[in-house]
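Participant: One letter stands for each residue in the lines below.
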Amino acid sequence: MIQLLAPDGTLRADPRFPLDVTPALCRDLHRDMFLARRFDQEALALQRQGELGLWLMALGQEAAQVGSIRAVAAHDHVFPSYREHAAALCRGISPAEILAQWRGVAHSGWDPARYRFHIYSLVLGAQALHATGYAVGVRLDGAQEVVLAYFGDGASSQGDVNEALNWAVVARAPIVFFCQNNQWAISTGTAQQMGTPVHVRAAGFGLDTYFVDGNDVLAVHAVTAQAADRVRAGGPPVLIEAFTYRIAGHSTSDDPRIYRSEAEVDLWRERDPVARLTTLLRAEGWADEEHFEQLDREARKLAEETRAACLSLPDPTLEETFRHTFAQEPPLLRQEREAMSAYQAGFTDGADR
Amino acid sequence: MITLGQALNRGLRAAMTRDPRVVVMGEDIGRLGGVFRVTSGLQQEFGADRVMDTPLAESGIVGTAIGLALRGYRPVCEIQFDGFVYPAFDQIVSQLAKMRARSAGRLALPVVIRIPGSGGIGAVEHHSESNEAYFVHTAGLRVVTCATPADGYTMIQQAVTGDDPVIFYEPKCRYWDKAEVDEDAPLAAAPALHAARTVRAGRDLTVLTYGSMVRPALVAAQIAHEEGRSVEVVDLRSLAPLDLPAVLSSVRRTRRAVVVHEAPTTLGLGAELSALLTEHCYLEMEAPVLRVGGYNIPYPPARAEERYLPDADRILEAVDASLAY
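Here the protein sequences come in this chain order: G and P.
When we follow the UniProt record's numbering, the leftmost residue of the first sequence carries the number 1, and every step to the right adds one.
When we follow the UniProt record's numbering, the leftmost residue of the second sequence carries the number 1, and every step to the right adds one.
These are calculated hints, taken from the structure and not from any lab test.
Check before you lean on any hint, since a few could be wrong.
[Claimed, not checked] In silico contact screen, one side only, chain P against chain G (beta carbon under 7 Å); selected entries: (1) V93; (2) Q95; (3) R106.
[Claimed, not checked] Chain P is nowhere near these chain G residues, computed Cβ spacing over 12 Å in every case: (4) P23; (5) R114; (6) P256; (7) E284; (8) F292; (9) R323.
[As the list claims (entries may be wrong)] Simulated restraints, written as ranges between beta carbons of each label pair: (10) G:D315 with P:D49: 44 to 50 Å; (11) P:A188 with G:S312: 45 to 51 Å; (12) G:A309 with P:D49: 41 to 47 Å; (13) G:G285 with P:F89: 56 to 62 Å; (14) G:L318 with P:D320: 29 to 35 Å; (15) P:T17 with G:R260: 58 to 64 Å; (16) P:D19 with G:R91: 29 to 35 Å; (17) P:D49 with G:Y259: 54 to 60 Å; (18) G:L318 with P:R37: 52 to 58 Å; (19) P:G41 with G:D141: 55 to 61 Å; (20) G:S253 with P:P288: 46 to 52 Å; (21) P:H280 with G:M340: 15 to 21 Å.
Yeah, the Cβ is synthetic: ideal placement off N, Cα and C, and Gly gets one too.
Sequences and hints are given; from them, build the entire structure.
Facilitator: Right under this line is the structure:
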């Protein structure tokens with residue numbers, strides 16, 4: 001497993017990935033992770049207060065997400081699964097745009113073309129094929145782009161993911177698959193999910209593969225940057241397996257104490273991705289107290305803005321879903337929409353709905 | 001005179017010539033030209049990047065077509081046989097059909113999925129199914145089928161031109177039917193993709209049908225004519241959306257309707273049409289809507305399919321029953 005920053009915050013030399021980390025890069029990656037975690041906590045609070053229907057925390061996976069998304073170019077298209085909130089924030093997607101889906105005001109809240117970041121996919125692994133097809137289009141266009149596709153250890157059992165890995169090799173698709181192995185698919189651990197690690201299986205399909213400490217943002221960043229460079233230069237598609245841990249439950253509907261021990265979670269809390277970079281920044285003197293205090297203020301502001309933006313999200317109308325079902329609305333559907341609207345309008349004249 | 005298979009081939013060629021973003025993909029469709037040769041010669045003409053032989057994975061075909069469409073391409077996928085579409089069911093129903101709505105209208109998926117459908121050619125199991133109702137039931141998909149070479153030529157081009165995903169059924173038992181096709185007629189002059197067509201005018205009863213069943217319906221109408229009964233035959237062409245005005249216009253005039261399709265009748269197009277006719281012209285009808293369809297059993301072995309598939313005699317039974325009501 002590739003590791004450049006140990007859990008105790010010390011740097012490790014790896015001949016394959018020369019340590020060319022700069023203080024600025026470390027501060028930037030740390031800031032991304034720190035803010036993403038604060039956003040995540042605020043979203044959890046909003047769910048517990050009934051303002052979100054559901055929330056899936058990225059807690060513990062910030063390094064895997066931030067390190068990978070920051071290593072590709074801004075014009076590289078990204079296909080997330082559904083927990084990539086830290087990656088989404090790095091792309092400039094706003095808290096409100098992320099929360100819209102979980103508040104139930106939209107199935108997705110952002111414009112995928114604007115952020116080069118596709119909508120979340122809740123059917124596990126389906127997006128791996130979309131990403132592969134998109135990457136085939138990139139190749140046909142002769143564009144210097146790389147596609148980054150996220151999925152998890154659970155989704156690696158899906159047919160679509162396995163079809164995508166094979167397809168990408170056959171079709172010479174410029175794509176980096178990024179598997180966040182957080183070791184738990186709701187209550188199903190990796191031992192029940194697979195007999196062979198994802199990166200080993202991917203090698204069998206013909207992809208170049210990396211196995212990286214997913215809680216080490218420097219290693220994830222270095223590995224993803226190298227992978228993207230190689231793919232961009234015409235190399236085979238790549239799969240990166242980032243070994244990480246889902247500190248929270250699968251979602252806010254889940255009680256992980258039922259299926260895993262606190263001791264296991266504590267072990268991974270000690271390998272926290274944010275803490276180890278904080279330790280490095282302090283030890284090397286790359287950030288002073290004023291820097292961290294400023295970051296705290298920024299995080300508080302983000303949390304306040306997140307809350308306010310969430311609460312001000314407008315409720316959706318059924319008309320919108322009608323209008324977005326087809327490019328050209330069929331006459332029967334138009335009639336149904338108009339009848340529905342007329343029926344709804346009947347309630348507005350002082351009547352209580 | 002060209003066959004339906006050739007007409008589809010020429011329609012695809014015209015679509016690919018018109019728009020360089022149109023790509024064709026599927027199992028064995030490139031070098032071989034497809035198991036029914038519908039894409040024959042296209043790879044030689046347009047190259048392997050635009051006519052792609054894919055791995056043997058139907059979910060992969062539809063899933064990667066979605067990705068290509070997101071990139072700006074207009075993929076036309078072939079599912080080799082009707083019964084092989086199920087591995088792609090999630091990609092069609094949850095992804096292709098819903099992406100526009102899920103993205104609040106920001107993403108369009110102009111993908112055409114061609115499916116050689118229905119039976120009647122003595123094939124082995126899983127090669128003769130009529131599974132259109134699954135897709136008609138799914139909001140966000142257009143489902144069409146052609147019955148003649150002329151329709152095949154124009155409808156495949158219209159399907160490729162539209163911005164909505166289209167499930168395009170080709171009745172494989174009609175692939176070798178020959179007819180004149182005017183390839184020089186402007187596409188804009190053709191009937192709209194969603195429009196039904198009256199293929200035989202009549203006064204006493206309307207047969208509503210599509211795809212493989214248009215021909216036996218016409219045979220039945222001719223026999224009825226010889227017996228002094230005037231039967232109208234409407235080729236629905238588009239199953240989703242249905243051309244309800246055309247259906248109502250015919251049935252209000254004849255006051256009797258028989259729906260004919262190969263698919264099992266339970267919750268099929270016949271059930272939907274029967275409900276629509278009841279809702280819209282109940283008091284104008286002289287008889288209940290009758291359905292002639294496949295029986296509610298798995299598609300039988302080939303040597304029994306002749307007794308499974310609706311034919312002119314079974315259609316006439318229903319016509320007689322309706323007229324005697």
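Participant: None of the hints should be skipped; say for each whether it holds.
Facilitator: Consistency of the hints with the structure:
1. V93: Check failed: Cβ of V93 of chain P comes no nearer than 10 Å to chain G, outside 7 Å.
2. Q95: Since chain G brings a Cβ to about 6 Å from Q95 of chain P, closer than 7 Å, the hint holds.
3. R106: R106 of chain P check passes; min Cβ-Cβ to chain G is 5 Å, inside 7 Å.
4. P23: holds (38 Å)
5. R114: Given a closest Cβ separation of 9 Å, the condition is violated.
6. P256: Check passes; 27 Å lies beyond 12 Å.
7. E284: holds (43 Å)
8. F292: The assertion about F292 of chain G holds, with a minimum of 39 Å to chain P.
9. R323: violated (7 Å)
10. G:D315 with P:D49: 44 to 50 Å: holds (46 Å)
11. P:A188 with G:S312: 45 to 51 Å: holds (47 Å)
12. G:A309 with P:D49: 41 to 47 Å: holds (44 Å)
13. G:G285 with P:F89: 56 to 62 Å: holds (58 Å)
14. G:L318 with P:D320: 29 to 35 Å: violated (46 Å)
15. P:T17 with G:R260: 58 to 64 Å: holds (59 Å)
16. P:D19 with G:R91: 29 to 35 Å: With a Cβ separation near 31 Å, D19 of chain P and R91 of chain G satisfy 29 to 35 Å, so the hint holds.
17. P:D49 with G:Y259: 54 to 60 Å: violated (48 Å)
18. G:L318 with P:R37: 52 to 58 Å: violated (46 Å)
19. P:G41 with G:D141: 55 to 61 Å: With Cβ atoms ~25 Å apart, the hint is violated.
20. G:S253 with P:P288: 46 to 52 Å: Given a distance of about 48 Å, which is inside 46 to 52 Å, the answer is holds.
21. P:H280 with G:M340: 15 to 21 Å: holds (18 Å)
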